[in-house]
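Use these hints to put chain B onto chain A, whose structure you have.
Protein chains: 2
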Amino acid sequence: MIGQLQEDARAVEAAARTRPDRDLEEVLATVAWNVIAEPGDGVAGALIGELGAVEALRIAGGRDGRLLPPGTRVRALEEALARWRPRVSAQAVADALIGAANAGAALLMPGDGLWPTAVDDLGVHAPVALWVRGDPVLLSAEPRVAIVGARASSPYGDLLAAEFAGDLAAGGAVIVSGGAYGIDGVAHRAALGVGGPTIALLAGGVDRAYPLGHEGLLREIAAKGAVVSEVPCGTAPTKWRFLSRNRLIAAIGDATVVVEAGWRSGSINTAGHAAALGRPLGAVPGPVGSASSAGCHRLMREYDARCVTTAGEIRELWESGVATSERSEIADPDRTRLLDALSTRSALPAQELARRSGLSPERVGSLLGLLELDGVVVRANGAWRRTPGGE
Amino acid sequence: MIGQLQEDARAVEAAARTRPDRDLEEVLATVAWNVIAEPGDGVAGALIGELGAVEALRIAGGRDGRLLPPGTRVRALEEALARWRPRVSAQAVADALIGAANAGAALLMPGDGLWPTAVDDLGVHAPVALWVRGDPVLLSAEPRVAIVGARASSPYGDLLAAEFAGDLAAGGAVIVSGGAYGIDGVAHRAALGVGGPTIALLAGGVDRAYPLGHEGLLREIAAKGAVVSEVPCGTAPTKWRFLSRNRLIAAIGDATVVVEAGWRSGSINTAGHAAALGRPLGAVPGPVGSASSAGCHRLMREYDARCVTTAGEIRELWESGVATSERSEIADPDRTRLLDALSTRSALPAQELARRSGLSPERVGSLLGLLELDGVVVRANGAWRRTPGGE
Numbered sequence: 001m002i003g004q005l006q007e008d009a010r011a012v013e014a015a016a017r018t019r020p021d022r023d024l025e026e027v028l029a030t031v032a033w034n035v036i037a038e039p040g041d042g043v044a045g046a047l048i049g050e051l052g053a054v055e056a057l058r059i060a061g062g063r064d065g066r067l068l069p070p071g072t073r074v075r076a077l078e079e080a081l082a083r084w085r086p087r088v089s090a091q092a093v094a095d096a097l098i099g100a101a102n103a104g105a106a107l108l109m110p111g112d113g114l115w116p117t118a119v120d121d122l123g124v125h126a127p128v129a130l131w132v133r134g135d136p137v138l139l140s141a142e143p144r145v146a147i148v149g150a151r152a153s154s155p156y157g158d159l160l161a162a163e164f165a166g167d168l169a170a171g172g173a174v175i176v177s178g179g180a181y182g183i184d185g186v187a188h189r190a191a192l193g194v195g196g197p198t199i200a201l202l203a204g205g206v207d208r209a210y211p212l213g214h215e216g217l218l219r220e221i222a223a224k225g226a227v228v229s230e231v232p233c234g235t236a237p238t239k240w241r242f243l244s245r246n247r248l249i250a251a252i253g254d255a256t257v258v259v260e261a262g263w264r265s266g267s268i269n270t271a272g273h274a275a276a277l278g279r280p281l282g283a284v285p286g287p288v289g290s291a292s293s294a295g296c297h298r299l300m301r302e303y304d305a306r307c308v309t310t311a312g313e314i315r316e317l318w319e320s321g322v323a324t325s326e327r328s329e330i331a332d333p334d335r336t337r338l339l340d341a342l343s344t345r346s347a348l349p350a351q352e353l354a355r356r357s358g359l360s361p362e363r364v365g366s367l368l369g370l371l372e373l374d375g376v377v378v379r380a381n382g383a384w385r386r387t388p389g390g391e
Numbered sequence: 001m002i003g004q005l006q007e008d009a010r011a012v013e014a015a016a017r018t019r020p021d022r023d024l025e026e027v028l029a030t031v032a033w034n035v036i037a038e039p040g041d042g043v044a045g046a047l048i049g050e051l052g053a054v055e056a057l058r059i060a061g062g063r064d065g066r067l068l069p070p071g072t073r074v075r076a077l078e079e080a081l082a083r084w085r086p087r088v089s090a091q092a093v094a095d096a097l098i099g100a101a102n103a104g105a106a107l108l109m110p111g112d113g114l115w116p117t118a119v120d121d122l123g124v125h126a127p128v129a130l131w132v133r134g135d136p137v138l139l140s141a142e143p144r145v146a147i148v149g150a151r152a153s154s155p156y157g158d159l160l161a162a163e164f165a166g167d168l169a170a171g172g173a174v175i176v177s178g179g180a181y182g183i184d185g186v187a188h189r190a191a192l193g194v195g196g197p198t199i200a201l202l203a204g205g206v207d208r209a210y211p212l213g214h215e216g217l218l219r220e221i222a223a224k225g226a227v228v229s230e231v232p233c234g235t236a237p238t239k240w241r242f243l244s245r246n247r248l249i250a251a252i253g254d255a256t257v258v259v260e261a262g263w264r265s266g267s268i269n270t271a272g273h274a275a276a277l278g279r280p281l282g283a284v285p286g287p288v289g290s291a292s293s294a295g296c297h298r299l300m301r302e303y304d305a306r307c308v309t310t311a312g313e314i315r316e317l318w319e320s321g322v323a324t325s326e327r328s329e330i331a332d333p334d335r336t337r338l339l340d341a342l343s344t345r346s347a348l349p350a351q352e353l354a355r356r357s358g359l360s361p362e363r364v365g366s367l368l369g370l371l372e373l374d375g376v377v378v379r380a381n382g383a384w385r386r387t388p389g390g391e
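First to last, the sequence lines map onto chains A and B. Sequential numbering from 1 applies to the first sequence in this note's numbering. Sequential numbering from 1 applies to the second sequence in this note's numbering.
You can trust all of the hints, since none of them are fake.
Computed beta-carbon distance windows for the label pairs:
hint, chain 1, residue 1, chain 2, residue 2, range
1, B, 291, A, 216, 35 to 41 angstroms
2, B, 291, A, 238, 43 to 49 angstroms
3, A, 142, B, 152, 39 to 45 angstroms
4, B, 113, A, 356, 34 to 40 angstroms
5, A, 195, B, 240, 50 to 56 angstroms
6, B, 212, A, 373, 31 to 37 angstroms
7, A, 344, B, 302, 21 to 27 angstroms
8, B, 370, A, 356, 40 to 46 angstroms
9, A, 381, B, 21, 24 to 30 angstroms
10, A, 381, B, 171, 26 to 32 angstroms
11, B, 181, A, 141, 50 to 56 angstroms
Since the hints were derived computationally from the structure, they do not count as laboratory data. We put the CB at the ideal spot given by N, CA and C, even for glycine.
Pulled out of the complex, with its shape left as it was, chain A reads as follows (with noise of 0.2 angstroms):
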């Protein structure tokens, strides 16, 4: 596959104009990757990560077992050349490249200075590479905030979405989303309304707006933030690429928010990739009873999304991390001498904590107040235990 690469003249050509700072070899193995592989086709990664691109396509060309990596699976890899195989083309290729050059979309690869190391939480699963109509930079500004939610979104969703993406991104917060219509569309425009960046990720290709409809804003999100895809420019958006487009969403966002969301809706997809890499998520409440928060509600029930009502708790969603550190620095050496009296496993009457403390009783008692308000410690028929992990 490598070699029929090198041999093409219009790919090769493509290549050593879209990327002149980037081995040929390397460049025409990425794009051959992200023509022939879907997004977050696992084999491939897998393969790519263990051999690098060039390597890897040499056996995604082959059929040589010996070449594969210690614990690769044959029938796994076999399954994949089969799914692999019909895509092979160096003309995918040279097309992917110039597409690109005729839509004005940059070429991110792996190990560029400007990729978007966030990415590779996905693990196996990340990109293969990323095209981007406007500035690249964006995807490594912080902080970056995905606000996302229902296409069918009510006055209210639109309202809030508005509210929050216009606050954070006049604080210079970089606003991710799906350009989509609703809630996607509204926290766009709230950015680009207060001059602030954002981002639209799209399912298919950066040369094609979609929803047709949003092709103006689209355009405008180009000009002044950036439009990124991971798939090729020509290719068109699928439910499977939609699906996959939202784990780009999650990883890029150092926080998720979900605005509005009907029970089954895609942004619940992109808060599950939030939650599963360990990103900060949020959801905004509203009436019960309304199908458009229905989404947001499960959210907080079922991924321990935060409950969020302001541009200020959202901002801290990637805050938390130092306002607990902080917050644990205010240490008594009373507490402390408690803490150390308290067990995890049985509770303790308070009487007894103050003679293992050498605390006063009146001292434990509201010691234990204060602790027991901090979740530090839980009470049980008149004893007290501390709570595993508490502090």
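For chain B alone, kept in the frame of chain A given last:
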């Protein structure tokens, strides 16, 4: 003090008539404590817990430091004595007993078969006695769910409180609330409306209709459910007694649900007690911007209240213990092998997990996906780490 009581014919006669089944000295001492100590008086609670009501009263009536239980600080006791002494009166004890008899209120004492042991979780802050107009059995009937909220509720909150309380009461749950205007009243009425059981816990005596506008409602609750207070008949509801009453609502509820609450609502206080007692806590979301939902959103953020939007979700609050244990029994040997291979300290690549567990990389991949959904593992930089306490 106890001697003084036993010499008061009016007190002795009323005590003997009220609780002929219990030791006379015990009844007199219990009511004496009920009269002299404010709700939740921790020194009184500690003293009674250590010595019993009768012996504790000997100390309260005297100044003999030698009688103190070990560990009691003389100063704390002296302060308490200063609080109590002005209230020590055989006449007040007789008045409490006679007032209760006139109001048709029963006296519940610790050690009674009908004593709601749930309140003992309050430790030294447990009530000394309870006065009940209506059916005292309800205090121990299961399940009991506290439904509380803002006095200044909105039609939205009223509608939901009525729906939830009616549904849960129809299913046999005892609806516990505070008898106030707004959410409390709606919850009580909804329970009565379906012929379901309900308990109103008052901050003042059970003979005092507070608020006055709920005189008819409280009479109906006393007739069909129970009106309960820890303060003697004739006692006015004060700010402190409202706050103290809130801890009883939280202790008596197997779970507490706040339907609507302002940012500084008394319901936040009730919820804080429920959380401190380790009782499941739910909050009903509402529109961002609605002042009467701000407290509920705060409870979700700061008190880890669970977001509840249906009666079924409220039921899960107290059933969740069962659900969790049921769930953990679904054991898959491969899953167990993979969990054994995972580390909580260092993230391992899937390939290494396959090697350690002896499972195929595909099986590892699919199991990791499931474990990730369950929150048992997290992915970072393409490697997998087991979350502490995840399973």
